[in-house]
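Order-wise, the sequence lines are chains A and B. All you need for my numbering is the position in the first sequence, starting with 1, plus 97. All you need for my numbering is the position in the second sequence, starting with 1, plus 97.
Note that these hints are calculated values from the structure, not bench results. Keep in mind the model is a prediction, meaning the values are calculated, not measured. Hints should not be assumed to be uniformly reliable.
[Stated by the list, open to error] Result set (EDC-like, lysine to aspartate or glutamate): computed pairs, CA atoms no more than 16 Å apart in a straight line:
id: 1; chain 1: B; residue 1: Lys204; chain 2: B; residue 2: Glu186
id: 2; chain 1: A; residue 1: Lys141; chain 2: B; residue 2: Asp131
id: 3; chain 1: B; residue 1: Lys141; chain 2: A; residue 2: Asp131
id: 4; chain 1: B; residue 1: Lys141; chain 2: A; residue 2: Glu130
id: 5; chain 1: A; residue 1: Lys249; chain 2: A; residue 2: Asp200
id: 6; chain 1: A; residue 1: Lys127; chain 2: A; residue 2: Asp200
id: 7; chain 1: B; residue 1: Lys242; chain 2: B; residue 2: Glu207
id: 8; chain 1: A; residue 1: Lys141; chain 2: B; residue 2: Glu130
id: 9; chain 1: B; residue 1: Lys249; chain 2: B; residue 2: Glu207
[To be verified] Listed next, with one range per pair, are the computed distances between beta-carbon atoms:
id: 10; chain 1: B; residue 1: Gly238; chain 2: A; residue 2: Glu255; range: 42 to 48 Å
id: 11; chain 1: B; residue 1: Gly245; chain 2: A; residue 2: Met205; range: 24 to 30 Å
id: 12; chain 1: A; residue 1: Gly235; chain 2: B; residue 2: Val158; range: 41 to 47 Å
id: 13; chain 1: A; residue 1: Asp159; chain 2: B; residue 2: Lys242; range: 38 to 44 Å
id: 14; chain 1: A; residue 1: Leu230; chain 2: B; residue 2: Ala162; range: 42 to 48 Å
id: 15; chain 1: A; residue 1: Glu191; chain 2: B; residue 2: Lys249; range: 41 to 47 Å
id: 16; chain 1: A; residue 1: Gly235; chain 2: B; residue 2: Leu193; range: 35 to 41 Å
id: 17; chain 1: B; residue 1: Val158; chain 2: A; residue 2: Lys155; range: 41 to 47 Å
id: 18; chain 1: B; residue 1: Gln137; chain 2: A; residue 2: Lys253; range: 23 to 29 Å
id: 19; chain 1: B; residue 1: Thr210; chain 2: A; residue 2: Gly245; range: 39 to 45 Å
Ideal Cβ positions, reconstructed from N, Cα and C, are used throughout, including at glycine.
Here is how the chains run, residue by residue.
Number of protein chains: 2
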Amino acid sequence: MRHSSLLLAGLLGATVTATAVLGAAHMDPKALEDAVAARQAHMKLYAFNLGLLGGMAKGEVDYDASAAEAAAANLSALASVDQTRYWPEGSDAEALKTRALPDIWTKMDEFETAQDALIQATMSLEEAAGTDLAALQGAMGDVGKSCGGCHKPFRKPE
Amino acid sequence: MRHSSLLLAGLLGATVTATAVLGAAHMDPKALEDAVAARQAHMKLYAFNLGLLGGMAKGEVDYDASAAEAAAANLSALASVDQTRYWPEGSDAEALKTRALPDIWTKMDEFETAQDALIQATMSLEEAAGTDLAALQGAMGDVGKSCGGCHKPFRKPE
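Given only the sequences and the hints, what does the whole structure look like? Please build it.
Structure below.
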């Protein structure tokens with residue numbers, strides 16, 4: 098995973114512009130649904146990698162430095178993906194089958210700040226995950242917080 | 098997207114070990130299904146980004162250098178994700194709802210070579226996509242070939 102530290106260095110140096118609002122006027126319903134499907138696929142990949150790391154952190158899965166590092170690097174790479182096209186206006190819970198609250202589009206600055214917290218937390222996790230179990234456990238806290246930092250204000254309760 | 102060239106440099110310098118076989122003996126059916134769902138989500142994200150770039154390349158969508166560069170960087174980041182846990186033994190078309198042929202596991206070297214071709218092609222695309230439409234079109238050819246380079250031998254026809 099040698100590219101990971103380079104990716105980290107690059108991200109720290111770059112201005113993070115994870116999200117921008119696309120005009121709903123140009124989006125047909127199919128395009129809105131495709132955007133929802135894409136961001137849900139992206140979330141599934143977060144969960145797939147977090148599942149392993151969470152299992153290790155809780156002691157339910159044996160700690161494996163190499164596997165932990167790979168999963169954490171995956172999370173960091175996924176978090177760095179530009180999400181501009183995931184969040185077109187009109188792709189909210191009032192219009193489509195999604196839990197994305199309309200507040201995302203009225204509080205875009207806060208939404209982007211919440212996304213940036215995930216980027217930072219996964220970069221720290223990537224640095225820590227391969228060291229040892231204690232380091233992994235320590236770094237997972239901020240990742241969990243960053244999940245909640247977006248889900249609590251911007252995701253409709255089930 | 099300043100991290101992109103650093104990612105590129107890192108990947109070129111790193112040995113790509115995208116895939117390894119996990120023992121099926123340790124996988125419960127749910128874990129196999131989760132692996133299939135994860136790789137299908139990953140493919141969906143390829144398609145989401147390729148859809149925009151293909152539309153531009155064909156002239157169906159106006160060329161936008163910034164959007165093209167972002168989508169190509171996304172593809173490159175996605176291609177760099179470690180896929181070890183996507184392909185456990187036993188997660189093939191004979192056992193599960195997937196088009197993944199058993200040849201993946203008997204010809205793992207060829208499968209990994211095919212994946213490496215996608216990594217290389219998306220890195221080239223990332224370098225080209227923001228230059229101009231002709232550069233994008235030129236780089237899309239190898240990406241398309243690399244898709245077929247894995248799908249033809251290793252994916253069951255519909």
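Tested hints:
Our distance criterion of 16 Å between C-alpha atoms is met by lysine 204(B) and glutamate 186(B), whose separation comes to about 12 Å. About 10 Å separates the Cα atoms of lysine 141(A) and aspartate 131(B), which keeps this hinted pair within 16 Å; it holds. About 10 Å separates the Cα atoms of lysine 141(B) and aspartate 131(A), which keeps this hinted pair within 16 Å; it holds. The suggested pairing of lysine 141(B) with glutamate 130(A) holds, with an alpha-carbon distance near 13 Å, which does not exceed 16 Å.
Between lysine 249(A) and aspartate 200(A) the CA atoms are separated by roughly 11 Å; this keeps the pair inside 16 Å, and the hint holds. Annotation: proposed proximity of lysine 127(A) to aspartate 200(A) is violated, straight-line Cα distance about 22 Å (limit 16 Å). This hinted pair checks out: lysine 242(B) and glutamate 207(B) have alpha carbons roughly 15 Å apart, not beyond 16 Å. Annotation: proposed proximity of lysine 141(A) to glutamate 130(B) holds, straight-line Cα distance about 13 Å (limit 16 Å).
Using a Cα cut-off of 16 Å, the hinted pair lysine 249(B) and glutamate 207(B) holds, with the two alpha carbons roughly 12 Å apart. Under the hint 42 to 48 Å, the C-beta atoms of glycine 238(B) and glutamate 255(A), about 45 Å apart, fit the expected range. Between glycine 245(B) and methionine 205(A), the C-beta spacing of about 39 Å breaks the proposed range 24 to 30 Å. For glycine 235(A) paired with valine 158(B), a C-beta distance near 45 Å keeps the hint of 41 to 47 Å intact.
At about 40 Å, the CB distance of aspartate 159(A) to lysine 242(B) agrees with the hint of 38 to 44 Å. As the Cβ distance of leucine 230(A) to alanine 162(B) is approximately 45 Å, the hint placing it in 42 to 48 Å holds. For glutamate 191(A) and lysine 249(B), the Cβ-Cβ distance of about 43 Å falls inside the hinted range of 41 to 47 Å, so the restraint holds. Between glycine 235(A) and leucine 193(B) the C-beta distance comes to about 37 Å, which sits within the given range of 35 to 41 Å.
Between valine 158(B) and lysine 155(A), the C-beta spacing of about 45 Å keeps the proposed range 41 to 47 Å intact. At about 25 Å, the CB distance of glutamine 137(B) to lysine 253(A) agrees with the hint of 23 to 29 Å. Roughly 42 Å separates the CB atoms of threonine 210(B) and glycine 245(A), a value that falls within the hinted 39 to 45 Å.
This entry does not satisfy hints 6, 11, going by the numbered hints stated previously.
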